[in-house]
Structures are given as C-alpha cells and as structure tokens.
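Peer 1: Now for the letters of each chain:
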Amino acid sequence: MIRSMLFLPGNNPNMLINGSVLGADAVIFDLEDAVSPAEKDAARVLVRNTLRYMDFTGCQRIVRINSTDTAYWKADLDAVLPEKPELILLPKTGTAQDALTADAYITELEEKLGLPANSVGLMPLIETALGVENAYAIAASCKRIHALFLGAEDLTADLRCKRTKEGREIEYARTRLVVAARAADVEVYDTPFTDVNDDEGIWTDAELAKALGFTGKAAISPRHLEAINQTFSPTLAEIDYAYEVLEAIAMAKAQGKGAIALRGKMIDAPIVARAQRTIEMAEQLGLDRRDAE
Amino acid sequence: MSKLVNSIREAVALSGLKDGMTVSFHHHLRNGDFVLNMVMEEIANAGIKDLTVNASSLFDVHRPLLTHIQNKVVTGLSADYISAGIGRAISQGVMEKPVEFRTHGGRPRDIALGRTPIDVAFIAAPAADKMGNCTGKYGKSACGSLGYAFADAMYAKKVVVITDQLMDYPLQNWSISESYVDYVVAVDAIGDPKGIVSGTTQITRDPVGLVMASHAAKVIENSGLLKDGFSFQTGAGGASLAAAKYLKDIMLEKKIQGSFGLGGITGYLVDMLQAGCFRNLLDVQCFDLKAVESIRSDPRHQEITAMHYAAPGSRSAVVDNLDVVILGATEIDTDFNVNVHTDSNGYIMGGSGGHSDTAAGAKLSMIIAPMFRARLPIVTDRVTCISTPGESIDVLVTQGGIAVNPRQAELKQRLVDAGLPVVDIHELKEKAERITGKPAKLPKGDRVVANVIGREGDLQDVIYNVPVKD
Numbered sequence: 001m002i003r004s005m006l007f008l009p010g011n012n013p014n015m016l017i018n019g020s021v022l023g024a025d026a027v028i029f030d031l032e033d034a035v036s037p038a039e040k041d042a043a044r045v046l047v048r049n050t051l052r053y054m055d056f057t058g059c060q061r062i063v064r065i066n067s068t069d070t071a072y073w074k075a076d077l078d079a080v081l082p083e084k085p086e087l088i089l090l091p092k093t094g095t096a097q098d099a100l101t102a103d104a105y106i107t108e109l110e111e112k113l114g115l116p117a118n119s120v121g122l123m124p125l126i127e128t129a130l131g132v133e134n135a136y137a138i139a140a141s142c143k144r145i146h147a148l149f150l151g152a153e154d155l156t157a158d159l160r161c162k163r164t165k166e167g168r169e170i171e172y173a174r175t176r177l178v179v180a181a182r183a184a185d186v187e188v189y190d191t192p193f194t195d196v197n198d199d200e201g202i203w204t205d206a207e208l209a210k211a212l213g214f215t216g217k218a219a220i221s222p223r224h225l226e227a228i229n230q231t232f233s234p235t236l237a238e239i240d241y242a243y244e245v246l247e248a249i250a251m252a253k254a255q256g257k258g259a260i261a262l263r264g265k266m267i268d269a270p271i272v273a274r275a276q277r278t279i280e281m282a283e284q285l286g287l288d289r290r291d292a293e
Numbered sequence: 001m002s003k004l005v006n007s008i009r010e011a012v013a014l015s016g017l018k019d020g021m022t023v024s025f026h027h028h029l030r031n032g033d034f035v036l037n038m039v040m041e042e043i044a045n046a047g048i049k050d051l052t053v054n055a056s057s058l059f060d061v062h063r064p065l066l067t068h069i070q071n072k073v074v075t076g077l078s079a080d081y082i083s084a085g086i087g088r089a090i091s092q093g094v095m096e097k098p099v100e101f102r103t104h105g106g107r108p109r110d111i112a113l114g115r116t117p118i119d120v121a122f123i124a125a126p127a128a129d130k131m132g133n134c135t136g137k138y139g140k141s142a143c144g145s146l147g148y149a150f151a152d153a154m155y156a157k158k159v160v161v162i163t164d165q166l167m168d169y170p171l172q173n174w175s176i177s178e179s180y181v182d183y184v185v186a187v188d189a190i191g192d193p194k195g196i197v198s199g200t201t202q203i204t205r206d207p208v209g210l211v212m213a214s215h216a217a218k219v220i221e222n223s224g225l226l227k228d229g230f231s232f233q234t235g236a237g238g239a240s241l242a243a244a245k246y247l248k249d250i251m252l253e254k255k256i257q258g259s260f261g262l263g264g265i266t267g268y269l270v271d272m273l274q275a276g277c278f279r280n281l282l283d284v285q286c287f288d289l290k291a292v293e294s295i296r297s298d299p300r301h302q303e304i305t306a307m308h309y310a311a312p313g314s315r316s317a318v319v320d321n322l323d324v325v326i327l328g329a330t331e332i333d334t335d336f337n338v339n340v341h342t343d344s345n346g347y348i349m350g351g352s353g354g355h356s357d358t359a360a361g362a363k364l365s366m367i368i369a370p371m372f373r374a375r376l377p378i379v380t381d382r383v384t385c386i387s388t389p390g391e392s393i394d395v396l397v398t399q400g401g402i403a404v405n406p407r408q409a410e411l412k413q414r415l416v417d418a419g420l421p422v423v424d425i426h427e428l429k430e431k432a433e434r435i436t437g438k439p440a441k442l443p444k445g446d447r448v449v450a451n452v453i454g455r456e457g458d459l460q461d462v463i464y465n466v467p468v469k470d
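Protein sequence lines, in the order shown, are assigned to chains S and B.
My numbering numbers the first residue of the first sequence as 1 and each following residue consecutively.
My numbering numbers the first residue of the second sequence as 1 and each following residue consecutively.
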C-alpha cells in the first residue's frame, strides 16, 4: 500500500542513503529531471548501488527512468532492473504505445534475468495534454500497469497555463486521471505539492486529492510526508464505521435478511467493498479500532 | 565609598597577582567575549608568568591565549569546553602540562572544595554598580544568566568585576552581590553582542534531523516520564530544538504541565514556558535574545548557579531531579560511552560542559546523532575519549533506529510496545559500516595533552596529542 511517494534525486548520495527513513511509503529514485545529461551515467550507477546495498524494508522502491524518446531509458532499465525495484515510473507517457514500448523492453529484461513476468510494475507519468486525453487507453494498455501518476508541472507548461497553488488549472486532469485509472482498475497518484516552505498548504492539497479519489500523492520534500500519510490513512471514525458495516451485513445474513440499513442508510455492495478496503488498509497500517469489541 | 579603579591594569596590580597563580573567567559572553583577551594582555604586559587559566569555557575568540601560552605567561589551563580553534593547537601539543577538563558541575565543586583554588577571578558583567553588584540581565552586552560566574565570585581570593554598563548604586535585581567583589573596572565594551547571543536559534529543516527529532519526542512520550511535573533539558542544536518543538506539541495536546525546563535556555524553551508546558525555567546560561528578554522580565524564568545546576557531591543539584535530557555526541561506542571532546581526527573541539552532569542526573538521558557524519559511522567499538560514561546514557536516537542501553530493559520494552524502531546498537554500527566501510583507527600520539576529570573528581580518561604528519 502506498500513500506517499518521495522523489529522491538520483545524483545525491546523502538523500539516497537516508531515503528509507524519512517516512515515505515509497521512494522514487529520479534519473530524469533531477539529473543533468552529463551526470546520467553516474546517477544510474549510484541508484543501482543504492538499490543493491541499502535496506529499504517497509519502503517500496520506484525508479523514474528517462522517457522513451531519449537515448537513456534502455540503459536506465538495464542498470536497475536486476535490483528488482517494485515500480518503474515512465515519464511523458502520451499514448498506450509509449507504455507498450517500455513494457516490451521490461518483459525482455525480465526474461533475461529470470524474473517472473510482470514482477516489476509500470506507472505511467501523465504530464502532457496528449497523455491526459489518452489516460484510459494508457491505464488499460497492459497488465504491467500498476497506477497512473499525474505530473502537473510539465502538464501546465504543455497547457500553456500557470501552475498555481490552488490548482484550478489541473482540475480536469485530476478528475480525468482518477476516472481513467478506476475504469482500468489501477491505482492513481497525485502530483507533488511544490512549495517546500509551505507546511500548511500541503494539507489542503492532499485533502483535495483524497476527496477526488486519488490513492495517494507524491512529494518532493520529506516535510510533506506526514500530511500525505495522515490524509490518506483512514480515520478512526472511518475504521469504526467500516467494522459496523461488516457487522451489520453479518447480522443481516444471520437473520436471513437481504438488505439492511445502518445509521438510516441502506448498506449496498459498494459500501461493503469500501468498508473492506478501509479495514484492510487499517490493518496494514496497524491502526486500532477504538471499540472493536 | 567606591570600588571603581581606573583600568584593568590597575585592577591586576591591586589584586596582587603574581607568577604561578590562577586566574579565572566565565564564558557567558561566549564567542563575543572581549574580557579574557583584555585581561590576559594586561597580565602579559605586567610581565607576570606561569599562570593557570581556569575558564568555564574557551571559544575561538580567545585564540590570543595561544600566544600567551607560547610565551609562558600561561602554563596551565582548565576548562569545561574548548572550541576547535584553540583545541586544535592543544591537540598539537602547544602546552607542556595537560589541560584539565571538568564538567559544568565539577568545576564549581572543585573551586568550592579548594581543589582548584582561584587567586583572582575576572568577571565580565553586562551591568554593574560601583560596589560590584552585577548582573547579565541588563546592558548593551546583556547575556542573561551569569550562572557559571558565581563560584568564581564566591571562592576566589580577589574578585574583579569588569563592565561596560555602570549603573547607579544599588543595582536593582543583581545576580552577584557586592559582598564578593573587590574591584570594579568600567571599559568601553566587554564584548560583541553578535557573538554573545544569537538573534534566534533556528530548528533544523534537515529532513534527517527532523526524523531523529520526531523519534526523540516519541521516546519521551512513551518513556513513562511524560506526565504532570515533568522536567526537561535540551541543547541548542538543530535536531534537539526540533525535538523540543515536537515535545511541546505532545504536551499541549495531552495537557501535561511540566515542572521545569533546565540548562542553557533557548527561545524554544521560553515558548514552552509561555505555552504552559512548564511552571519554571531554571537558567544557568541564555543562548539567544528571547531567553535574555525572558529571564529579565518573567519571574518564572530563574537564574541558577552552576553549583545549583549540576554540582556533584553538593547537598543537592537540580540535575538530580531532571527527568529527561537530550544530548549530542561526536562518537558513541557499543557500551554507550560518549565522546564530545574530540573530532573525527582526534583534535579537541568541545568538552563535556553539562553533558556528564545531566546524563548522570536525568532519569532518561538520550543522545541524538545521525548514523554517520560525512564519512564516519557515529557508533564505534570504543570512543576516542570517554566524555560521559555509558552507564549514564540510556538511549541513542539515530535516523536508522533507536538503541536502548541494555541496562534499561523496561524502557526498551515500552518503546518496542509503542511500535518505535528499536534496534541493537551493534546493528546500528554494522548498518552504518555497510555504507561507509570500517574506518581505520586514528593514529594516537604518545603524549597526554588533556586529562578528562570525571564528575566525581576522578581521572576518567586522557586525550593524546595528534601526531603531526611529516
């Protein structure tokens, strides 16, 4: 389960060494924008060695490789895939074909390395107008797709609008991505909040993303992780309610009733499914139920 | 009547200072202090030799002292803390006689017991009257508390107060009373305010520092000690202050009112006092302007002497009633011995200060340190110098996990139950060494350049010279 993903520059040993302890559910080793062309090769080695030697227990490992229209992406995958990162973040994914191109090469490497098929997931980074419009086709392009990821900085440049803290300019892209991802039954992650000095604004931005249906959110500053983790964790009230739902359903079954109401509202299948997801998440996070008995 | 004399030169002459005697200074003006240098220059000019300087601490601003050492004006040195600029020269062997390091509590105790008698104490005072009543709370060079100067004033054979703010007699709200003072000298400036206190002390924004601070606050929260009446001390380092901030949030949320905050006081502890986290602050030294303003205006914020703060073997000291202290380390070994005297190359760059005193007194003494600094793991097999013995250290907090001294099995269980990342200290060492490799042992010189006197007055460890490479 990933609520928060933290970008770590692939050329900064100090950040890479400490990446696992900063509180992120996942870290994104960045070989793309954070690394200048002159440093691509060095960063690749550094990230590979970090994956190989550092203990990231409890923290998933994602690598942002360079996009498929560059000369770097295959070498990036050659370097990192033997270290079995959980996910590859594929920048500038505009079409299903972009995703399939990466998928084909990853498949080839998996076979070569003797890794199980689709053991390394793919997360297309949607950061162009074309990508937003093709979001569903990308999300449904292959089995390897684990999630969609919204990148608002490049997207707003492509849209020729200004990136603002309120984010009205990306409202469409956000809702479009959530719908596309859910339709394709994959996860969906929100763009980072970029003002590293605004410790309050991150809460508003994370709450908005959660309200829209995002699974979680990326961060470029470790100081934003607490807000993201808390926002995307179920609240104790939500956990309580989820248990009540399941108990009500169990009782209805025992009494041979088809339908049952809880707190004046009919319990239907989607509510049960949501309750199950909440409890599953709470268990993974080790959150207690206040009145489980 | 007046005790005013015309100059430091005259005061030196009147004090009867002679070859082989001991002079003393306090360090409340820290790296902004002018007084030690002014006095030592007059002493050198007077042709006096072979003196011992007993200073509560020495900072880089006191580098002219090295010239007096080379010229044999000064042949003995005793301090609780020596910063890197002077420490390096000492490690290279500038003095023939080893420096004596004591703790902030051990120094006044040894002065009081006559183990380290002082012939003439020179007391820099930001405000004083003509009879020697003086304080650090007022004046253009205000430093707040004068806690470290009391023992010098009370036990030195002669006491000279040096001020740049002569006040009408009698000075209101004095710290040190005229009954201890022989002479008063007014000078243009006793220090540079910029070096005396910092404008504000900032908490760290370093993500690793914040992780450690968050761990530290959670250790305190789950230690069983955080309840009404709680007492606390922390240093002015970035991660320690961040821990205090997290602790404040926890105390406010749980509506816990502590009894006192202790030690070197920063604006963050003042914030905690004002927010109701403590009933009192007990202040042996102010670190920033906010602390100075608070000790001047808030009766809950009280000056205490170094003796009252930390002296071992006295009838009692505040550290004996301290619940939690957060401390730093340059090295810590697998037996939890801590080094705060030398750097990674073996050069002197610090000293115990109140480290050993508070660690010994506090119910929970916690070290916050990163798993590695630059190229070296923080945990070693054996520290270069034992500044504070491992038996008084309970917990080491790093970004890579929390190590609990095996002597504290109950505490360890509490932290494990709270879901905190508790690890064995050997594991932390190995974890760091997997990244940095195992560092080679430092080359050790063959001459002792400093004796580290433990808080009970025993010789706890020695520091060797750093051999100069050919």
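Don't take every hint at face value.
[To be verified] Straight-line distance between alpha carbons at most 30 Å, and here's what the computed DSS-like set of lysine-lysine pairs gives: (1) B:Lys254 <-> B:Lys227; (2) B:Lys72 <-> B:Lys49; (3) B:Lys254 <-> B:Lys3; (4) B:Lys248 <-> B:Lys194; (5) B:Lys363 <-> B:Lys255; (6) B:Lys254 <-> S:Lys165; (7) S:Lys265 <-> S:Lys165; (8) B:Lys97 <-> B:Lys444; (9) S:Lys210 <-> B:Lys157; (10) S:Lys210 <-> B:Lys254; (11) B:Lys157 <-> B:Lys130; (12) B:Lys18 <-> B:Lys248; (13) S:Lys84 <-> B:Lys245; (14) B:Lys441 <-> B:Lys97; (15) B:Lys227 <-> S:Lys40; (16) S:Lys84 <-> B:Lys438; (17) S:Lys165 <-> S:Lys74; (18) B:Lys245 <-> B:Lys72.
If you're looking for bench data, these hints aren't it; they were derived computationally from the structure.
All of these numbers come straight from a predicted model, not from anything done at the bench.
Peer 1: Are the hints correct? Go through all of them and say.
Peer 2: Against the structure, the hints:
At most 30 Å may separate the alpha-carbon atoms for a hinted pair to count; Lys254 of chain B and Lys227 of chain B meet this at roughly 9 Å. At most 30 Å may separate the alpha-carbon atoms for a hinted pair to count; Lys72 of chain B and Lys49 of chain B meet this at roughly 6 Å. The straight-line distance between the Cα atoms of Lys254 of chain B and Lys3 of chain B is roughly 54 Å, outside the 30 Å bound, and the hint therefore fails. This hinted pair checks out: Lys248 of chain B and Lys194 of chain B have alpha carbons roughly 28 Å apart, not beyond 30 Å.
Taken as a hint, the Lys363 of chain B and Lys255 of chain B pair is honoured in the structure, with Cα atoms around 22 Å apart against an allowance of 30 Å. Our distance criterion of 30 Å between C-alpha atoms is broken by Lys254 of chain B and Lys165 of chain S, whose separation comes to about 34 Å. Proximity of Lys265 of chain S to Lys165 of chain S is assessed by CA-CA distance (about 37 Å); at most 30 Å being required, the pair is judged violated. Simply put, Lys97 of chain B and Lys444 of chain B have alpha-carbon atoms about 18 Å apart, close enough for the 30 Å limit, and the pair holds.
Proposed proximity of Lys210 of chain S and Lys157 of chain B is contradicted: the alpha carbons are some 72 Å apart, above 30 Å. For the given pair, Lys210 of chain S sits about 28 Å from Lys254 of chain B by alpha-carbon distance, which is consistent with the 30 Å threshold. Our distance criterion of 30 Å between C-alpha atoms is met by Lys157 of chain B and Lys130 of chain B, whose separation comes to about 19 Å. At roughly 52 Å between alpha-carbon atoms, Lys18 of chain B and Lys248 of chain B are farther apart than 30 Å, so this suggested pair is violated.
For the suggested pair Lys84 of chain S and Lys245 of chain B, the alpha carbons sit about 39 Å apart, so the restraint of at most 30 Å is broken. A distance of roughly 26 Å separates the Cα atoms of Lys441 of chain B and Lys97 of chain B; the hinted pair therefore holds under the 30 Å criterion. Using a Cα cut-off of 30 Å, the hinted pair Lys227 of chain B and Lys40 of chain S is violated, with the two alpha carbons roughly 53 Å apart. A distance of roughly 28 Å separates the Cα atoms of Lys84 of chain S and Lys438 of chain B; the hinted pair therefore holds under the 30 Å criterion.
Our distance criterion of 30 Å between C-alpha atoms is broken by Lys165 of chain S and Lys74 of chain S, whose separation comes to about 35 Å. Of the supplied pair hints, the one linking Lys245 of chain B and Lys72 of chain B is violated, its CA atoms being roughly 48 Å apart against a limit of 30 Å.
Checked against the numbered hints listed earlier, the structure breaks hints 3, 6, 7, 9, 12, 13, 15, 17 and 18; every other hint is satisfied.
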